[in-house]
Each structure stands twice: as structure tokens, then as C-alpha cells.
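Protein chains: 2
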Amino acid sequence: MNSRVNVAVVGATGAVGQAMIETLLRRKFPYTSLKLLASKRSAGTTVMVGHTPNVVEEATPASFDDVDIALFSAGGDVSLQLAPEAVKRGALVIDNTSAYRMHPEVPLVVPEVNANALWTNKGIIANPNCSTIQMMVALYPIYKAYGIKRIVVSTYQAASGAGARAIDDLLHTAKQYLANEPMQASTLPVSKLKKHYPLAFNVLPQIDVFEENGYTKEEMKMVNETHKIFADDTIQVTPTAARVPVIYGHSESVYVETKEPFVLSDVLQLLQTAPGVIVQDNPQEQLYPQAIVAAGQLEVFVGRIRKDLYVDNGLSMWVVSDNILKGAAWNAIQIAELWLSQAGHR
Amino acid sequence: MNSRVNVAVVGATGAVGQAMIETLLRRKFPYTSLKLLASKRSAGTTVMVGHTPNVVEEATPASFDDVDIALFSAGGDVSLQLAPEAVKRGALVIDNTSAYRMHPEVPLVVPEVNANALWTNKGIIANPNCSTIQMMVALYPIYKAYGIKRIVVSTYQAASGAGARAIDDLLHTAKQYLANEPMQASTLPVSKLKKHYPLAFNVLPQIDVFEENGYTKEEMKMVNETHKIFADDTIQVTPTAARVPVIYGHSESVYVETKEPFVLSDVLQLLQTAPGVIVQDNPQEQLYPQAIVAAGQLEVFVGRIRKDLYVDNGLSMWVVSDNILKGAAWNAIQIAELWLSQAGHR
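Chains as they are written, first to last, in the numbering used here: chain A, -5 to 340; chain B, -5 to 340.
It is worth saying that the hints were derived from the structure and are not from the lab. All the given hints hold, so there is nothing to weed out.
Given that identical chains are not distinguished, each listed pair holds provided it fits within a single copy or across any two copies.
As a list, the in silico DSS-like pairs of lysine-lysine whose alpha-carbon atoms are at most 27 Å apart:
#, residue 1, residue 2
1, K211, K301
2, K301, K189
3, K253, K301
4, K143, K253
5, K143, K301
6, K169, K186
7, K138, K253
Please build the complete structure, drawing on both the sequences and the hints.
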């Protein structure tokens, strides 16, 4: 790669695409050009890049001529169709969909955890699922120091994880409730399924479709992606994924059992010095991570860190991060930054 | 006890007190007279009993002359002060506060689980904590059949659990958010503590005050009350209690490890025939318990029942109930009904 860096955002009109554009600007990402792409349906839309209006073009194979880094977030189908075309034309694809995550030749990267996996790529790097990323960042220091035998995680996920229409669905049903009108949902829990339930003042224990084994696809992502990112299939993951009436910021109640014994103060210190982690843990001051505080931030916030009352190697904690940023856009751009910073040396 | 049943509700102006009155009517509870009592501050308030306005009197020791059943829900201090006075005057006290729950001579009763404990009372029967009650009802059939080694539970608790002011706090901050105004909380997470955080579009991982061990009082209730209700101190409980922007209905993500192996279809059948339980579990039809559906109902709803992917005796489920009804008012009145139905035979 020479010093020219042409970047394309595929899915520029979506919630994550918008956040990608904002994060590129916020990070002063040194792009030479920025091309905004989307499906035919959204092509022609004007999107602001800082204070400059840009017209979104339809993504086609030819769109990727001269593109160096292509950030995909337009759904799995678009990635399956166009990521290989982008790779063929010499682009590095960083794909935020689940299309390639479990592909054996595609690295699944959380920069704080497995940055090195990045260099084995064959043109496509996958961005993990939002709920997995923040858990990985919080658990990796513990995994490195003590090993992890098992994880029991319950998520409190924000509407934005299901896209801009899901945010509208939450706000709409909330307004209806407060106006004493019957709530009418049109998107959540899964837009493509038949039944839609209000999220306002409710909790929905379904994220994505159900699999044969009774777990949702979202829950199985947390199992499979944890194994791939830590490169360790022995970790026993017990996930429950639920959607709560929050707009930005996934919260997670994480119970973890380590292989080796730990001292709680050591765990605290590990987390305090871990990259990408901010510890917010002071019960006496009522300090703990909160979704509305984490929203807009790039880090993963960890608190409520406490030893289990019964299990020697057991530990509970509360992990919160902005699902659109570290859970999607920022993790992708972090990968791009890493790629750029190393590209000259390889 | 003769056929006369004079009932008093102490804390008649609170969220639970109101629900107690409504539930007495809904159940056609055969009271001879109904006396509404409250602290001095709330005395003089008019409260509707069906279509009849009743004036709330100040609760004093003499208020309990001629009272047969006194339902207390006016805070622990009031119970500590006045429950013994009511007992002295011959009343059976059913106390919804935490004041007597762990007292060795006070039975802690969930009728579906340990109805027999009721008969050892010395005048006071304690109603367990809301988040514990619904978990007990859902787990008891499993406990009886297979034994329980451990429980990892994460709660998604409704604002109403913190009283009527907390509901106002949630609605108020929600309205502010939707009007693009800064959210200003005044009650949650714990009214008597200094810091208040908005619950609207947020999750608060604090219910009640923190204890020395890093767990909240709410979390420790789930541990200690589980032990007392099941009369089994060996169960390893790992609790995380969080408040979500819901008005009525606690949801719980419950992972349980049994002592003996089970077959999943047997567990389903046990739950389907368990008293007080309604199974809502059909992933293909997107059927699972939801807070807004459970609100106003007396039962405990259980769904998302699935075997652990790794642990042989592991099982996850989603448990939802109306925290003000089965979690408080209805459980108390259920105890009173049980008492009445048996009183003639003892």
C-alpha cells in the first residue's frame, strides 16, 4: 500500500455506517478519499461528512476500483456479494456483518485481544458481534492471567443494535405509552419475522432468530465468536441475550470462572491497566458503568467486580460499552488504523 | 378465629398497599371490615376501595384492636414498631417488608413452595422479596425433582419495585428524554442515597444499598431468602440485580445446575403442571415471557427453557412475573387465603 488511502463505507446510510463516518472524522483517519456506498434502495441519499454533504452511490463491483479499505456494514447479503469483488480489486475489506465471521480463513479481530490474527487475512477481516466484542475486551486480561473455564452472561442490549428502524420502533412505542395509546411495534425483536413486540417499558428475550437448540443466533454468536477470538474452544459459554429499552449501550452481567485462583485486587489492577478498558467501580460512591454514560465513548466500561460468594474461582462483573462504536464502527476503524500503522513495515 | 375477618392494610397509599386492596377485591377476599392505615404523613388521604372512597387513618398500636389479619407494607421501620403491637392484639401479621424475613422464628412463605412453614408462626409471617419469590416458584419443581447445586441469576427489575415515586422518576425522565431535555432523576436507584441516575433508556446495576462484600442488599436477599425458603443452605447462588426501564414486571435470566441429571422434556412437563406457573415457551412462534404481558397477572411465567451447551446438569430459563402482585401483594394475600382456609381446621 502506498501513502494513498481511499476508503469506502458500504452501508453509509445505516446506523453503523453513519457511526463509521463520524468515527473516521473523530479519529482524524488519514484518508485520501471517502466514498459512500449503499444498496440501490438508499443510493442517491445525501449524507453529511462533517459539514459537507455527500451523495451516496449504489455499491457495485466497479465501486471498489481504487479503493484501499472498504468498511462493510450493509447486511450479510451485500457482504457476501460484494466483499470478494472489493478484494479482487485490491481493497482490504473490514466486514461488520456476520457473513464471514466463522470462515476459517477470515480473521475475527478485537484489536485489544488478537491484533496479530489480522495479518493472516486473505483480503477480508471480520468485525465480531457487538455483544461479544465488549465481553472479550473485559475478559481478555483475566483470560491471559488465569485462564477461563466458563462464562455465564446475560445481556441487556440496546435497540440500536438492530439498526435505525429499531431505534424508531422503541421511541415510537415509548411515545405511544406515555400518551396512553396502545403500543404498536413494527420492527423488534426481529424485523424480518412475523411478530413484533413493543420494546418500550418491556424486555424482549429474543435477539435475532432462534436456532434448533433453543438458543438465539445472537447467543450462539457469543459462544462461537468467543472461541474463535480467544482461539480456545474449551471455554464453556452460557449466554442469554435480551433487548432492553435503551437506545445506545449494551450492558452485560458477566459471571466468569477462572482456571487458576485469583486475588480480587489483582484482577482490579489487571483491568485498570488493560487497553480499551475503563474501570468504574466504587460501590460507596455509587460508581458503576451505565449505558447512558458509555454512549458516545470508545472504551469498554467495567464495574461491580466481585468475588463469587461460593465458587473459589468465580467472579462477577458488569460490562458496558457503546454497541455502535466499540461494538461495531470503532472496532472496525481500529482495525483499519492498525492495518495502516503496520502496513508500511510489512 | 371465628367467622369474622377484620383486615387492615398498613401502607395503604403505597404502590403495594394499593395493589393489596385491589387484589383483596379481585379475589373476593371474605373480609368483614377493611381498615386502611398509613404513616402520619399519609393519614387523611382518600383511597378508593372499588368505587368507595375510604379515608386512610394513622397507624397506631390501638389501630389493631379487633384486627384479625394485618397486611404490612409501609417500610421496615413501621413493621418493626407496629407488627408486635398488632400481634399482641391478636392479629396475624403478614409483613411485606424485609424487617422480619431472616428472623429465625418468622416463617418466610411462598405458598407454592413452603406453605407448611406458615403454621409455625408466632404471629408474624414474612413475605419474601419480589425478585426471590418468582425465582422460587419457577425453581421449586426442579429443586424437588433433581435438587439444585447452584443458581446464577441476573435480574431485569421494574421501577415499581422501588415504589410509586420510582415509577414517577422513570416516567418523568422518559418524557424529558423524548422532549430533548436533560434527564433529571430524583429517586432511583435508591431514594435515600445521595446520587440519583435516570432510569429512562438506561440500566442501573444497583438495587438497594451496597454491602461490604460488593453485593447489593437486593442481591444478598436473593441468596439468603432462597436458602430460607428452600430450607437448604447448600445452594450456591450468584446474583446480579439490575433495574431496567420497565414499570411493572421483573424479568430474570436464571441459570441453574441440578444435582441429579434431567431430561429437558421432563422439566418442561414439571413446570407445565407446577402451581402458579404458566409456561410460555415456543421459540418458533416467538412465544416467551414478557414484562408487559405478565403485568397485572398473578402467575409466574417461564420460557426460553433450554439445556446448557456444555454443563450436563445445566439449564437456562427466562422467568417473569408482576413484581407488585406475585412479588408482593398477591403473595401476601395468598398467604392470608391459605390461613383462612385452614384456620377452621386447626
